[in-house]
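2 protein chains.
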Amino acid sequence: MNDQEGFAISVEEAEIGYQEGGVPIGAALVSSHGKLLGRGHNMRVQKGSAIHHGETAALENSGRLPASAYKNATMFTTLSPCDMCTGACILYGISRVVIGENGTFLGGEAYLKQRGIEVVVLGDKKCQDLMGKFISEKPEVWNEDIGEEVRVHSKEAKA
Amino acid sequence: MNDQEGFAISVEEAEIGYQEGGVPIGAALVSSHGKLLGRGHNMRVQKGSAIHHGETAALENSGRLPASAYKNATMFTTLSPCDMCTGACILYGISRVVIGENGTFLGGEAYLKQRGIEVVVLGDKKCQDLMGKFISEKPEVWNEDIGEEVRVHSKEAKA
Ligand SMILES: [Ca+2]
Ligand SMILES: [Ca+2]
Ligand SMILES: [Zn+2]
Ligand SMILES: [Zn+2]
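So the sequence lines, in the order shown, correspond to chains S and B.
Under the working numbering, the residues of the first sequence are numbered 23 to 181, in order.
Under the working numbering, the residues of the second sequence are numbered 23 to 181, in order.
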């Protein structure tokens with residue numbers, strides 16, 4: 023599959039999450055050969071989970087893989103990745119992270135680049151509208167998901 | 023509970039993991055008031071999981087918590103945290119990470135410090151011996167767990 027198809031799956035996952043009453047962030051992990059390795063969405067509400075975010079859910083649903091499987095792989099995600107998901111992409115040596123939007127939240131993009139990962143931000147309005155809607159509907163769930171008491175727009179390192 | 027008790031739980035978790043045939047890394051998350059929030063161990067082998075490491079398993083087993091619950095909390099872990107677990111501790115604003123050993127593997131300690139988290143390394147021989155034994159017994163499982171094809175001792179950013 024191409025980038026457009028990979029990204030479309032992440033959006034589909036976000037929409038499923040929203041329909042389930044959850045945090046609407048979706049992700050898809052696609053290999054260098056264009057094969058879908060795994061897809062998933064945030065499961066905080068659905069599973070009471072602190073670690074199943076979009077990107078980590080896609081990794082989890084990809085199952086156990088050798089390091090070579092992640093080589094030159096792309097993580098498609100509807101929202102700028104939080105610090106945990108940033109670290110997960112670094113751990114597995116994913117080469118590229120394609121992000122729907124970073125207007126509602128800016129995560130670890132600078133650190134991804136610092137660690138040699140290509141970052142592409144699409145500025146997708148559909149993703150931004152869905153997150154904006156969710157945050158206005160359930161601000162406390164969203165704050166909990168990013169480990170904050172009040173809304174923040176960025177958790178990038180100040181350094 | 024005090025630090026000694028918190029760390030002992032992480033070691034207990036690592037030993038349970040080893041007995042189950044898994045990657046022997048354990049963790050315990052303890053609140054500022056000394057309450058155990060959650061404990062867990064790496065579940066790569068047991069659950070075919072790519073994201074249930076020691077620290078993330080402890081976070082997952084702590085359930086959904088508001089940001090305030092993590093304030094001044096300590097993550098006890100038997101091994102230097104990988105990039106994903108490093109990011110998970112940063113995401114939730116954990117204040118201190120107490121590490122059994124970093125001789126078999128050096129993870130994101132420098133980045134934790136850069137993000138304002140206190141890092142304590144105990145240099146615990148028991149932890150180091152258990153990891154060393156596991157790595158020599160199942161090197162391919164260990165490499166997979168840290169996203170590498172061959173053994174590396176450090177994944178710290180070169181920068
Ligand atoms: Ca905070
Ligand atoms: Ca690598
Ligand atoms: Zn995340
Ligand atoms: Zn880890």
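Be aware that one or more of the hints could be misleading.
Because identical chains share one entry, a pair is satisfied inside a single copy or across any pair of copies.
Stated by the list, open to error - In silico lysine-lysine, DSS-like type, Cα no more than 27 Å apart, as pairs:
1) K93 with K57
2) K147 with K160
3) K69 with K93
4) K160 with K148
5) K147 with K93
6) K93 with K160
7) K57 with K135
8) K57 with K155
9) K155 with K135
10) K155 with K69
11) K160 with K135
12) K93 with K148
13) K135 with K69
Bear in mind the hints are in silico, worked out from the structure with no lab data behind them.
For each hint, the structure was consulted:
1. K93 with K57: Result: close within a single copy only, 12 Å intra versus 41 Å inter.
2. K147 with K160: within (20 Å within a copy, 47 Å between copies)
3. K69 with K93: between (30 Å within a copy, 23 Å between copies)
4. K160 with K148: This pair counts as within: shortest intra-copy Cα distance 18 Å, inter-copy 46 Å.
5. K147 with K93: neither (30 Å within a copy, 34 Å between copies)
6. K93 with K160: between (37 Å within a copy, 22 Å between copies)
7. K57 with K135: Close inside one copy (24 Å), not across copies (38 Å); limit 27 Å.
8. K57 with K155: Neither, since 32 Å and 36 Å both go past 27 Å.
9. K155 with K135: neither (29 Å within a copy, 35 Å between copies)
10. K155 with K69: within (22 Å within a copy, 35 Å between copies)
11. K160 with K135: Answer is neither; intra-copy 31 Å and inter-copy 32 Å both fail.
12. K93 with K148: Cα proximity of K93 and K148: none, with 29 Å in one copy and 34 Å across.
13. K135 with K69: For K135 and K69, the Cα distance exceeds 27 Å both inside one copy (31 Å) and across copies (31 Å).
Consistency with the previously given hints fails for numbers 5, 8, 9, 11, 12 and 13, ordered from lowest to highest.
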